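Novice: So the chains spell out like this:
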Amino acid sequence: QKEVEQNSGPLSVPEGAIASLNCTYSDRGSQSFFWYRQYSGKSPELIMSIYSNGDKEDGRFTAQLNKASQYVSLLIRDSQPSDSATYLCAVDFNNDMRFGAGTRLTVKP
Amino acid sequence: DAGVTQSPTHLIKTRGQQVTLRCSPISGHKSVSWYQQVLGQGPQFIFQYYEKEERGRGNFPDRFSARQFPNYSSELNVNALLLGDSALYLCASSSDRAPGELFFGEGSRLTVL
Numbered sequence: 001q002k003e004v005e006q007n008s009g010p011l012s013v014p015e016g017a018i019a020s021l022n023c024t025y026s027d028r029g030s031q032s033f034f035w036y037r038q039y040s041g042k043s044p045e046l047i048m049s050i051y052s053n054g055d056k057e058d059g060r061f062t063a064q065l066n067k068a069s070q071y072v073s074l075l076i077r078d079s080q081p082s083d084s085a086t087y088l089c090a091v092d093f094n095n096d097m098r099f100g101a102g103t104r105l106t107v108k109p
Numbered sequence: 001d002a003g004v005t006q007s008p009t010h011l012i013k014t015r016g017q018q019v020t021l022r023c024s025p026i027s028g029h030k031s032v033s034w035y036q037q038v039l040g041q042g043p044q045f046i047f048q049y050y051e052k053e054e055r056g057r058g059n060f061p062d063r064f065s066a067r068q069f070p071n072y073s074s075e076l077n078v079n080a081l082l083l084g085d086s087a088l089y090l091c092a093s094s095s096d097r098a099p100g101e102l103f104f105g106e107g108s109r110l111t112v113l
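Sequence order for the protein chains is A and B.
Sequence positions in the first sequence follow the working numbering and run 1 to 109.
Sequence positions in the second sequence follow the working numbering and run 1 to 113.
Calculated directly from the structure, the hints in this document are not laboratory data.
Each hint should be verified, as a subset may be incorrect.
Capping the alpha-carbon separation at 27 Å, the derived lysine-lysine pairs in DSS-like fashion look like this [what the hints assert, rightly or not]: (1) A:Lys-108 - B:Lys-13; (2) A:Lys-56 - B:Lys-52; (3) A:Lys-2 - B:Lys-30; (4) B:Lys-13 - A:Lys-2.
Facing chain B, a subset of chain A residues (Cβ under 8 Å, in silico) [unchecked claim]: (5) Leu-11; (6) Pro-14; (7) Gly-16; (8) Ile-18; (9) Ser-30; (10) Tyr-39; (11) Ser-40; (12) Ser-43; (13) Asp-92; (14) Asn-95; (15) Arg-98.
Some chain A residues well away from chain B (every beta-carbon gap over 12 Å; in silico) [as the list claims (entries may be wrong)]: (16) Lys-2; (17) Tyr-36; (18) Gly-41; (19) Ser-49; (20) Ser-84; (21) Ala-90; (22) Val-107; (23) Pro-109.
Only a predicted model underlies this, so the values are computations on that prediction, with no experimental measurement involved.
Idealized CB from N, CA, C, for every residue including glycine.
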């Protein structure tokens, strides 16, 4: 089975705080992992990709991957109200991209 | 540069009808994928095409079909529409350099009455 699990939220954080989004997946052989952001009424937008164990940083975003635990996370530092969106975790199961249901994040001013 | 374009943006059909959705990828992208997204869920994988060949198929019935043309544009066809086919249909393209990094179009919102 190819499954991607996320906490549906909603997750609410104050402006300036760190938002932590988590995702687990079912296939230990998966090699490619992605985080997408989806604003209400819009299509998903890629914000991070990660392929190796460890951390990958891009501006205020850090993706973390632990293949042994089949776990990938996204940290958003200095959260802004404009970060309020649904965050989708995606895992590539050999040309079969599976998305989690998404975590809705609200950043309160 | 133009992003992924999809048409139509909105359409209404009745049960039993057929629908064709169209997608033009980002210039230079040879891979096109189709996804179905219903409210409150993540996108569900339907098809992936690369160089006109089907590379992957999700768990959708045979009423769903797709094809890719020599210019890499793509069509998704759905026959014998059901109420449950009402959804946002997303097309995404990706490059050879980063095949898993998807760029989505704005989607086609299908309503089946």
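Novice: All hints are to be evaluated individually against the structure, with a verdict given for each.
Specialist: Hint check results:
no.	hint	verdict
1	A:Lys-108 - B:Lys-13	40 Å, violated
2	A:Lys-56 - B:Lys-52	34 Å, violated
3	A:Lys-2 - B:Lys-30	25 Å, holds
4	B:Lys-13 - A:Lys-2	32 Å, violated
5	Leu-11	15 Å, violated
6	Pro-14	25 Å, violated
7	Gly-16	28 Å, violated
8	Ile-18	24 Å, violated
9	Ser-30	10 Å, violated
10	Tyr-39	12 Å, violated
11	Ser-40	11 Å, violated
12	Ser-43	4 Å, holds
13	Asp-92	5 Å, holds
14	Asn-95	4 Å, holds
15	Arg-98	7 Å, holds
16	Lys-2	9 Å, violated
17	Tyr-36	8 Å, violated
18	Gly-41	9 Å, violated
19	Ser-49	5 Å, violated
20	Ser-84	17 Å, holds
21	Ala-90	8 Å, violated
22	Val-107	20 Å, holds
23	Pro-109	26 Å, holds
In this structure, the hints that do not hold are numbers 1, 2, 4, 5, 6, 7, 8, 9, 10, 11, 16, 17, 18, 19, 21, in rising order.
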